[in-house]
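> Here is how the chains run, residue by residue.
There are 2 protein chains.
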Amino acid sequence: MQEIDLIIAGAKVLLLDARNIHLENGAVAVNADKIVAVDYTEKITKQYKARKTITANDSLIMPGFVNCHTHAAMTCFRGIADDLELMDWLNNYIFPAEAKNVNKELAYWGSLLGAAEMIKSGTTTFCDMYIFEDETAHAAKTAGMRCLAGEVLFDFPSPNFKTIAEGIAYTEMLIEKWKDDPLVNIIIEPHALYTCSEPLLTEIKKLAEDYHLPIGLHLLENAAEKKQLDEKLGKDTVSFLKDIGYLNERLIAFHCVYLSGKDINLFADHGCKVVHNPASNMKLASGVAPVPEMLKAGVTVGLGTDGCASNNNLDMIKEMSTAAKLHKVARLDPTVTDAQTVVRMATIEGAKTLGMEKSVGSLEIGKKADIIVIGLNKPHLTPLYSEYSHLVYAMSGADVDTVIINGKVVMENRQLLTIDEEEAMHKVREIAVKVKQSIQK
Amino acid sequence: MQEIDLIIAGAKVLLLDARNIHLENGAVAVNADKIVAVDYTEKITKQYKARKTITANDSLIMPGFVNCHTHAAMTCFRGIADDLELMDWLNNYIFPAEAKNVNKELAYWGSLLGAAEMIKSGTTTFCDMYIFEDETAHAAKTAGMRCLAGEVLFDFPSPNFKTIAEGIAYTEMLIEKWKDDPLVNIIIEPHALYTCSEPLLTEIKKLAEDYHLPIGLHLLENAAEKKQLDEKLGKDTVSFLKDIGYLNERLIAFHCVYLSGKDINLFADHGCKVVHNPASNMKLASGVAPVPEMLKAGVTVGLGTDGCASNNNLDMIKEMSTAAKLHKVARLDPTVTDAQTVVRMATIEGAKTLGMEKSVGSLEIGKKADIIVIGLNKPHLTPLYSEYSHLVYAMSGADVDTVIINGKVVMENRQLLTIDEEEAMHKVREIAVKVKQSIQK
Numbered sequence: 000m001q002e003i004d005l006i007i008a009g010a011k012v013l014l015l016d017a018r019n020i021h022l023e024n025g026a027v028a029v030n031a032d033k034i035v036a037v038d039y040t041e042k043i044t045k046q047y048k049a050r051k052t053i054t055a056n057d058s059l060i061m062p063g064f065v066n067c068h069t070h071a072a073m074t075c076f077r078g079i080a081d082d083l084e085l086m087d088w089l090n091n092y093i094f095p096a097e098a099k100n101v102n103k104e105l106a107y108w109g110s111l112l113g114a115a116e117m118i119k120s121g122t123t124t125f126c127d128m129y130i131f132e133d134e135t136a137h138a139a140k141t142a143g144m145r146c147l148a149g150e151v152l153f154d155f156p157s158p159n160f161k162t163i164a165e166g167i168a169y170t171e172m173l174i175e176k177w178k179d180d181p182l183v184n185i186i187i188e189p190h191a192l193y194t195c196s197e198p199l200l201t202e203i204k205k206l207a208e209d210y211h212l213p214i215g216l217h218l219l220e221n222a223a224e225k226k227q228l229d230e231k232l233g234k235d236t237v238s239f240l241k242d243i244g245y246l247n248e249r250l251i252a253f254h255c256v257y258l259s260g261k262d263i264n265l266f267a268d269h270g271c272k273v274v275h276n277p278a279s280n281m282k283l284a285s286g287v288a289p290v291p292e293m294l295k296a297g298v299t300v301g302l303g304t305d306g307c308a309s310n311n312n313l314d315m316i317k318e319m320s321t322a323a324k325l326h327k328v329a330r331l332d333p334t335v336t337d338a339q340t341v342v343r344m345a346t347i348e349g350a351k352t353l354g355m356e357k358s359v360g361s362l363e364i365g366k367k368a369d370i371i372v373i374g375l376n377k378p379h380l381t382p383l384y385s386e387y388s389h390l391v392y393a394m395s396g397a398d399v400d401t402v403i404i405n406g407k408v409v410m411e412n413r414q415l416l417t418i419d420e421e422e423a424m425h426k427v428r429e430i431a432v433k434v435k436q437s438i439q440k
Numbered sequence: 000m001q002e003i004d005l006i007i008a009g010a011k012v013l014l015l016d017a018r019n020i021h022l023e024n025g026a027v028a029v030n031a032d033k034i035v036a037v038d039y040t041e042k043i044t045k046q047y048k049a050r051k052t053i054t055a056n057d058s059l060i061m062p063g064f065v066n067c068h069t070h071a072a073m074t075c076f077r078g079i080a081d082d083l084e085l086m087d088w089l090n091n092y093i094f095p096a097e098a099k100n101v102n103k104e105l106a107y108w109g110s111l112l113g114a115a116e117m118i119k120s121g122t123t124t125f126c127d128m129y130i131f132e133d134e135t136a137h138a139a140k141t142a143g144m145r146c147l148a149g150e151v152l153f154d155f156p157s158p159n160f161k162t163i164a165e166g167i168a169y170t171e172m173l174i175e176k177w178k179d180d181p182l183v184n185i186i187i188e189p190h191a192l193y194t195c196s197e198p199l200l201t202e203i204k205k206l207a208e209d210y211h212l213p214i215g216l217h218l219l220e221n222a223a224e225k226k227q228l229d230e231k232l233g234k235d236t237v238s239f240l241k242d243i244g245y246l247n248e249r250l251i252a253f254h255c256v257y258l259s260g261k262d263i264n265l266f267a268d269h270g271c272k273v274v275h276n277p278a279s280n281m282k283l284a285s286g287v288a289p290v291p292e293m294l295k296a297g298v299t300v301g302l303g304t305d306g307c308a309s310n311n312n313l314d315m316i317k318e319m320s321t322a323a324k325l326h327k328v329a330r331l332d333p334t335v336t337d338a339q340t341v342v343r344m345a346t347i348e349g350a351k352t353l354g355m356e357k358s359v360g361s362l363e364i365g366k367k368a369d370i371i372v373i374g375l376n377k378p379h380l381t382p383l384y385s386e387y388s389h390l391v392y393a394m395s396g397a398d399v400d401t402v403i404i405n406g407k408v409v410m411e412n413r414q415l416l417t418i419d420e421e422e423a424m425h426k427v428r429e430i431a432v433k434v435k436q437s438i439q440k
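Respectively, the protein sequence lines represent chains A and B. Mapping to numbering that gives the first Met the number 0: the first sequence position 246 is 245, numbers consecutive. Mapping to numbering that gives the first Met the number 0: the second sequence position 62 is 61, numbers consecutive.
By construction, these hints were calculated from the structure, which means they are not laboratory data. Some hints could be false.
[Claimed, not checked] Listed next, the in silico EDC-like pairs over lysine to aspartate or glutamate satisfying Cα-Cα at most 20 Å (straight line): (1) K225/B <-> E208/B; (2) K377/A <-> E422/B; (3) K48/B <-> D4/B; (4) K377/A <-> D4/B; (5) K11/A <-> E429/B; (6) K377/B <-> E363/B; (7) K11/B <-> E429/A; (8) K377/B <-> E23/A; (9) K377/B <-> E421/A; (10) K435/B <-> E23/A; (11) K295/A <-> E84/B; (12) K226/B <-> D332/A; (13) K377/B <-> E411/A; (14) K426/B <-> D57/A; (15) K377/B <-> D419/A; (16) K377/A <-> E411/B; (17) K377/B <-> E429/A; (18) K226/A <-> D332/B; (19) K176/B <-> D235/B; (20) K407/A <-> D4/A; (21) K51/B <-> E411/B; (22) K295/B <-> E84/A; (23) K225/B <-> D332/A; (24) K377/A <-> D419/B; (25) K435/A <-> E23/B; (26) K178/B <-> E197/B; (27) K377/A <-> E421/B; (28) K225/A <-> D332/B; (29) K426/A <-> D57/B; (30) K99/A <-> E429/A; (31) K377/A <-> E429/B; (32) K377/B <-> D400/A.
Work out the full structure: start from the sequences and follow the hints.
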């Protein structure tokens with residue numbers, strides 16, 4: 000018998016591999032940071048002897064969720080202002096709150112609290128865009144979460160940099176500092192086309208090419224942005240992106256609510272990726288992204304929660320439910336974005352979106368052990384005809400019991416093992432007192 | 000000091016009264032089945048001595064949710080078929096599954112499981128429509144839940160009655176049997192205008208008048224129904240309802256996705272009530288009900304989950320989140336259906352919808368003690384700027400710790416005290432085996 004680190008056994012297993020294999024009474028064998036086997040429990044326990052075994056009866060084992068777009072530190076602004084006109088919300092609440100409060104401390108503790116929330120709802124990888132991203136990377140490291148971290152870049156000063164040159168230098172520092180880290184990877188993130196000049200975008204492109212890194216940016220999130228860009232650029236936004244050499248397999252575009260059929264074809268032809276954030280798009284009244292059309296055209300679409308100012312949670316199970324239902328009602332067609340498609344968007348398709356499909360997003364031999372265990376023995380999950388259906392239409396983040404990232408158990412039976420959640424909540428509450436004062440003045 | 004049965008103390012309190020009073024460190028005093036005081040903890044504990052005290056630090060106390068439209072027993076069909084065309088879904092899954100499986104046993108255990116799920120997500124009152132409703136009433140009684148139960152009536156035979164006369168007689172039996180019950184009330188429920196002939200509707204109207212009971216029915220749920228009714232009735236559906244004397248304060252219309260502006264004004268003029276079921280409307284691709292217009296016109300609108308075949312859960316917290324966001328994106332206006340409005344729809348406005356506002360829906364002296372306690376000391380609810388915002392945009396059903404109905408604690412620290420949930424789940428799993436076989440043939 001081969002001795003290994005961990006077996007999670009005795010549960011239903013969704014692999015989310017290319018064939019959508021489903022096992023009854025399956026198990027996953029883990030050694031160090033990797034999955035070494037996925038099979039029936041009987042076979043796994045005959046072949047392997049584990050130093051730790053998690054017996055997951057009445058449970059579902061599956062890959063952890065990949066949250067493809069968030070601003071984790073914005074947990075500090077969760078619920079500070081809702082139900083307002085966009086410009087009122089931004090100019091009178093979010094921008095002043097950020098200008099007066101965002102610093103390294105907020106970035107670290109807000110991100111750590113976000114990591115706690117994400118782990119507790121089954122997310123194992125997140126792609127983040129914010130200010131002081133080195134703090135977010137540290138928080139992810141503390142939490143034991145996998146993270147694709149990007150400092151937001153734009154033409155004007157941020158709380159972290161005074162000039163574009165400083166912003167670029169900070170990003171280069173991040174790349175060098177985290178280059179060999181097993182959990183933290185770096186992404187280059189221009190904020191959006193309405194906040195970044197062409198020279199900045201060109202500089203960013205060179206940086207991404209030099210380091211072979213993905214570029215993530217907000218794109219065509221709402222109608223006002225589309226109108227503004229049409230006027231500013233004098234051409235279609237996606238044509239502009241093509242002209243400046245941005246359309247390639249490493250482009251990750253967040254939101255894409257106002258992509259046209261032509262844009263979608265360009266995205267498909269060039270292998271560009273899209274992150275869909277339906278809760279944020281609904282709450283901010285941005286619109287409905289043409290996700291069924293993107294999927295039909297072969298565009299890779301991942302799912303993201305966006306930040307806590309506009310959602311107001313980081314729960315990928317809630318996001319799946321929203322994604323599945325929004326497109327049905329928007330098109331008066333109940334067959335679009337079916338449950339299995341949406342679960343794949345939240346796992347393996349999300350991994351593809353971030354360029355991480357070789358390491359995460361499904362339970363397959365050789366992949367990193369990013370695994371979640373969900374308890375099924377509950378009234379709201381009874382009876383069980385389809386795991387995919389329950390994941391999307393009946394489950395809650397609180398149903399996630401145990402989370403393993405990179406082979407390490409970071410939550411067991413809902414107890415976080417890497418984060419002192421009381422401390423994180425205490426720190427964020429202290430920050431929130433100042434945030435509240437800052438918008439009342 | 001006055002001796003009473005129960006004090007719930009030390010928490011934030013949302014009263015959901017006319018002034019939306021909010022207390023920091025408040026308490027609710029309960030004696031027998033009634034609220035005797037709502038005030039600051041300090042004042043309550045000086046005035047009253049309780050036989051039982053629930054100390055609810057770091058929590059929110061509020062009225063229980065009122066689920067204004069469901070089919071509780073349909074938990075047995077949760078997730079049996081999703082993401083299908085409406086007629087495919089109905090004709091090949093739901094109707095055969097119902098025809099072959101619905102009996103008293105399914106009605107009882109399905110409803111009891113539904114009650115378990117509802118209590119565990121904070122619902123204290125539900126309005127139900129299904130077959131063998133006496134079983135649902137018994138399940139509610141067992142669970143200690145408040146219930147408005149109605150046997151579904153239509154022109155064709157049901158598993159419970161062969162003729163209209165039998166269906167009417169069954170309803171009269173329910174009325175007599177449950178007339179003095181503290182928890183169970185009866186509603187008269189013609190299924191819909193496309194399944195009930197005018198003579199049946201007239202007979203139902205007489206029954207409702209004789210017993211002074213409300214009438215609940217599905218109305219204009221989707222475009223196909225509207226088209227069918229326009230053709231069948233030869234006039235506007237709501238004009239038809241007016242002509243047959245249905246437009247009054249005791250009419251409770253479920254869905255109302257296709258109400259016109261004229262219909263809304265008629266509803267407002269006659270005091271008719273509407274139940275909004277946004278998750279079901281989205282999942283079945285029915286459409287978006289004109290809720291902001293209804294609210295503006297002064298129509299009372301409650302919130303409902305619909306049944307587990309079309310949602311697939313009975314969680315009013317999920318329903319609030321869906322309601323708040325759907326109308327924003329449908330109208331590209333983030334200011335509609337704000338958080339406080341939606342929380343009121345799920346509580347006091349729901350109570351008004353069911354004609355139960357004198358007894359439930361808010362925390363006020365003299366009302367029935369239907370109270371929930373929600374734990375707030377969690378990462379996904381931190382920081383806390385607004386309780387209404389968290390209820391709608393961040394919370395989960397699993398955050399509900401303790402539920403009191405009619406003065407009785409039915410769940411404490413998430414332990415159900417009235418229902419053996421393992422037994423209910425076991426029974427429903429046995430039923431589900433037969434259900435699955437019946438649709439595979």
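> Just to be careful, I want the Cα atoms of K377/A and E422/B compared with a cutoff of 20 Å; is the pair within it?
holds (11 Å)
> Between K295/B and E84/A, does the CA-CA distance stay at or below 20 Å?
Since the Cα atoms of K295/B and E84/A sit roughly 18 Å apart, the hinted pair holds (cutoff 20 Å).
> Is the Cα-Cα distance between K377/B and E363/B 20 Å or less?
The given pair, whose Cα atoms are some 28 Å apart, is violated under the 20 Å limit.
> Quickly compare the C-alpha distance for K176/B and D235/B to 20 Å and report which way the hint goes.
violated (37 Å)
> If you draw a straight line from the CA of K48/B to the CA of D4/B, is it 20 Å or shorter?
holds (8 Å)
> Mind checking the alpha carbons of K51/B and E411/B for me, to see if they're no more than 20 Å apart?
holds (12 Å)
> Would you check the hint for K435/A and E23/B, treating anything up to 20 Å between C-alpha atoms as holding?
Given pair K435/A, E23/B holds - Cα atoms ~17 Å apart, limit 20 Å.
> For a C-alpha distance cap of 20 Å, please report whether K407/A and D4/A respect it.
holds (9 Å)
> Assess, step by step, whether the Cα of K377/B is no farther than 20 Å from the Cα of D419/A, and give holds or violated.
Satisfied, since the Cα-Cα distance of roughly 12 Å is no more than 20 Å.
> Verify the proposed pairing of K377/B with E411/A, using a straight-line Cα cut of 20 Å.
holds (16 Å)
> Would you check the hint for K377/A and E429/B, treating anything up to 20 Å between C-alpha atoms as holding?
holds (15 Å)
> Please verify whether K426/A and D57/B have alpha carbons no more than 20 Å apart.
Holds, at about 16 Å.
The earlier numbered hints that this structure contradicts are 1, 4, 6, 8, 19 and 26.
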